[in-house]
Amino acid sequence: HDDERDLDESEWPGEVSVGILAMAARVEPPRGPAPPQDVTVANLMGIQRKNAFGPEYHSYDRMSVAGLAACTKRYSRVLSHYPLAAMINHSCVPNAARFYHADRKGEIMAVHACRTIQKDEEIVWSYVPVVSSWEDRVRQIERSHDFCCRCPRCRDEEGHRELSDELKKVAEDNNDDLQKVAKDNYDVATGMNRLFLDDHERARYKMERIESALAVANAQMRLSLRVSLYATYVDCFNRMLLAPDSERDMLAFILRLATQLHLAMHMVHPGSTEHLSLLHLCYDLVGAEHSLKQTDKSLSKVRFWTEQLKKGHVARYGRLGGNVESMRTLMKHTRGVVRDKDGWRKARWKFI
Numbered sequence: 001h002d003d004e005r006d007l008d009e010s011e012w013p014g015e016v017s018v019g020i021l022a023m024a025a026r027v028e029p030p031r032g033p034a035p036p037q038d039v040t041v042a043n044l045m046g047i048q049r050k051n052a053f054g055p056e057y058h059s060y061d062r063m064s065v066a067g068l069a070a071c072t073k074r075y076s077r078v079l080s081h082y083p084l085a086a087m088i089n090h091s092c093v094p095n096a097a098r099f100y101h102a103d104r105k106g107e108i109m110a111v112h113a114c115r116t117i118q119k120d121e122e123i124v125w126s127y128v129p130v131v132s133s134w135e136d137r138v139r140q141i142e143r144s145h146d147f148c149c150r151c152p153r154c155r156d157e158e159g160h161r162e163l164s165d166e167l168k169k170v171a172e173d174n175n176d177d178l179q180k181v182a183k184d185n186y187d188v189a190t191g192m193n194r195l196f197l198d199d200h201e202r203a204r205y206k207m208e209r210i211e212s213a214l215a216v217a218n219a220q221m222r223l224s225l226r227v228s229l230y231a232t233y234v235d236c237f238n239r240m241l242l243a244p245d246s247e248r249d250m251l252a253f254i255l256r257l258a259t260q261l262h263l264a265m266h267m268v269h270p271g272s273t274e275h276l277s278l279l280h281l282c283y284d285l286v287g288a289e290h291s292l293k294q295t296d297k298s299l300s301k302v303r304f305w306t307e308q309l310k311k312g313h314v315a316r317y318g319r320l321g322g323n324v325e326s327m328r329t330l331m332k333h334t335r336g337v338v339r340d341k342d343g344w345r346k347a348r349w350k351f352i
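Heads up: the sequence shown begins at 1 in our numbering, then just goes up one per residue.
These aren't lab readings, by the way, just hints derived from the structure by calculation. Heads up, some of the hints might be wrong.
Subject to a maximum C-alpha distance of 30 Å in a straight line, what follows is the list of computed DSS-like cross-link-like pairs (lysine-lysine) [what the hints assert, rightly or not]: (1) Lys310 with Lys297; (2) Lys293 with Lys105; (3) Lys293 with Lys310; (4) Lys105 with Lys169; (5) Lys293 with Lys311; (6) Lys311 with Lys119; (7) Lys119 with Lys50; (8) Lys297 with Lys311; (9) Lys301 with Lys311.
Note that the coordinates shown come from a computational prediction; the quantities given were computed from them, not determined experimentally.
Could you build all of it, start to finish, from the sequences and the hints given here?
Structure (structure tokens):
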């Protein structure tokens with residue numbers, strides 16, 4: 001990345017600038033032509049922030065606040081430089097994923113193809129979470145890397161902004177109109193019309209509204225927009241998982257939606273941690289169904305999602321996912337790696 005934006009010194013802590021100046025003072029002058037005289041600490045910090053790698057899921061600000069506290073128990077690293085990896089460009093539909101792996105020489109970054117890469121095709125990964133909306137991805141990339149993404153997915157979603165805005169409105173709706181819906185909802189147990197819906201019912205209604213809105217889009221756009229609504233799906237899944245036992249069709253409804261989201265994640269980024277987390281949910285859902293009533297059909301579902309879970313780990317971790325012991329270790333890890341702060345509801349079904 002040659003074009004790095006100057007950063008205002010107020011954007012980063014003073015101790016970090018002191019550390020960079022100290023490092024700069026110890027660096028021997030390079031041989032050859034003299035470097036430009038107008039290079040400042042802000043230039044160096046801009047290059048650092050745009051090309052260094054730190055703990056997953058944490059912002060540059062949170063990493064820089066940690067600053068010189070690299071020896072704390074929280075992180076095994078604060079910022080690391082991987083020159084070859086820094087040359088990999090961005091796409092919101094990546095074909096590669098990275099992860100960190102400890103070997104005898106220390107910690108290394110491994111980059112693995114998460115889908116088939118054709119000859120002469122560029123290796124790309126995403127600089128931002130692929131599950132963000134188009135507006136959020138554009139904003140994050142412009143703020144952190146100073147360019148506007150024009151990948152096919154961004155162009156397609158930009159061309160469907162009206163539908164995207166409608167979906168965003170539904171996702172952010174507090175369900176004020178549900179009072180009207182609930183007035184016609186007859187409760188057999190009490191013999192009365194209910195004035196309000198329970199939270200899990202509101203979550204289900206929101207999902208039905210989203211799926212209805214998505215129906216007008218073409219197949220590929222539906223998949224892309226579902227991924228952008230990942231956080232909304234997670235929130236609604238968690239709320240629906242708290243439905244009482246009497247609503248036995250709720251788990252089947254969640255699994256049906258989760259399957260659609262799985263197909264969408266498989267198209268956009270099969271090796272993402274969000275996809276692996278979703279596969280864990282699907283696997284646990286069919287496991288719960290099979291434990292209640294063991295049939296050949298329920299067993300086939302367990303086997304299907306077991307295979308999908310294995311394929312997802314291989315897509316992210318490559319040959320590390322092929323070993324039984326390492327696969328068990330990786331699956332324990334990915335159950336906990338969820339960008340949503342709460343993960344899946346633990347209270348009742350023990351989901352992560």
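Consistency of the hints with the structure:
1. Lys310 with Lys297: Distance ~20 Å between Lys310 and Lys297 Cα, so the pair holds.
2. Lys293 with Lys105: violated (50 Å)
3. Lys293 with Lys310: holds (24 Å)
4. Lys105 with Lys169: violated (50 Å)
5. Lys293 with Lys311: Status holds; Cα separation ~27 Å.
6. Lys311 with Lys119: holds (23 Å)
7. Lys119 with Lys50: Roughly 28 Å between the alpha carbons, so the hint for Lys119 and Lys50 holds.
8. Lys297 with Lys311: holds (21 Å)
9. Lys301 with Lys311: Holds, because 15 Å separates the two Cα atoms, which is no more than 30 Å.
Checked against the numbered hints listed earlier, the structure breaks hints 2 and 4; every other hint is satisfied.
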